[in-house]
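Q: Order-wise, the sequence lines are chains A and B. Note that my numbering numbers the first sequence so that position 21 is 21, with each residue one more than the last. Note that my numbering numbers the second sequence so that position 61 is 1061, with each residue one more than the last.
If you are wondering where the hints come from, they were derived from the structure by calculation, not from laboratory data. Every residue gets a Cβ at the ideal spot worked out from N, C-alpha and C, and that includes glycine. Mixed in with the good hints, there may be bad ones.
[What the hints assert, rightly or not] Output of the computed footprint for chain A on chain B, the stretches with three or more beta carbons under 8 Å from beta carbons of chain A:
hint, segment
1, 1038-1052
2, 1106-1114
[Said to hold, decoys possible] Within a straight-line C-alpha distance of at most 27 Å, the following computed BS3-like cross-link-like pairs (lysine-lysine) qualify:
hint, chain 1, residue 1, chain 2, residue 2
3, A, LYS17, B, LYS1057
4, A, LYS100, B, LYS1070
5, B, LYS1057, B, LYS1011
6, A, LYS71, A, LYS57
7, B, LYS1070, B, LYS1011
8, A, LYS100, B, LYS1053
[Claimed, not checked] FRET-style restraints, in silico, Cβ to Cβ:
hint, chain 1, residue 1, chain 2, residue 2, range
9, B, PRO1095, A, PRO29, 22 to 28 Å
10, B, GLY1003, A, ASN24, 32 to 38 Å
11, A, ASN24, B, SER1069, 40 to 46 Å
12, A, GLY16, B, ASP1038, 30 to 36 Å
13, A, LEU11, B, SER1080, 38 to 44 Å
14, A, GLY60, B, GLY1051, 46 to 52 Å
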Amino acid sequence: KNQVEQSPQSLIILEGKNCTLQCNYTVSPFSNLRWYKQDTGRGPVSLTIMTFSENTKSNGRYTATLDADTKQSSLHITASQLSDSASYICVVRGMDSSYKLIFGSGTRLLVRP
Amino acid sequence: DAGITQSPRHKVTETGTPVTLRCHQTENHRYMYWYRQDPGHGLRLIHYSYGVKDTDKGEVSDGYSVSRSKTEDFLLTLESATSSQTSVYFCAISPTLAGGKGTQYFGPGTRLLVL
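Full structure from sequences and hints, please.
A: So this is what it looks like as structure tokens:
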């Protein structure tokens, strides 16, 4: 069964520190991988989208990396801010369906002052 | 929230009653989706639409039906609500099919409690 596993489930860091969130997937063959940010009580918002041929993509202080060989992705947040407190969701699309996206259950990040 | 509204935002209902959730977009995107989000689970696709009157099932469609009579509106109906349908429901839209490189845009969500 195709799965997307994220770790850690939750994370607390101090404002200004960096952190890295992990995403492991078993979806194969694989088309693209996305990271979303979801604030409490809001819908997810796209941060990055990477195809299988890309190994890094940045969006401001957010940098996503992808290793298609090991089926791992990470989201690195630099110089965290209080507004980074949210859930971060990894989403993978396989080749076998034109519409189906497989969502991870997310990492809940809390940034403390 | 990219020109997407959902109504109601919160609803409490009783088991066995029908419930309809509405998604309205102002972006004129072709594709619309309904997802549910539950603790410990990723978002799961219920139904999606690829045009007016064109809909298809997702992975958790049992107990749900949808309709799309206009480009801008996508309705999700719980025919006879059950406690297992207590969840947060998200509508999403996209100009191209979700599996492509295009981004999906999500609405603010509807929190449904079935007693």
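Q: Provide an ascending list of the numbers of those earlier hints which the structure does not satisfy.
A: 3, 14
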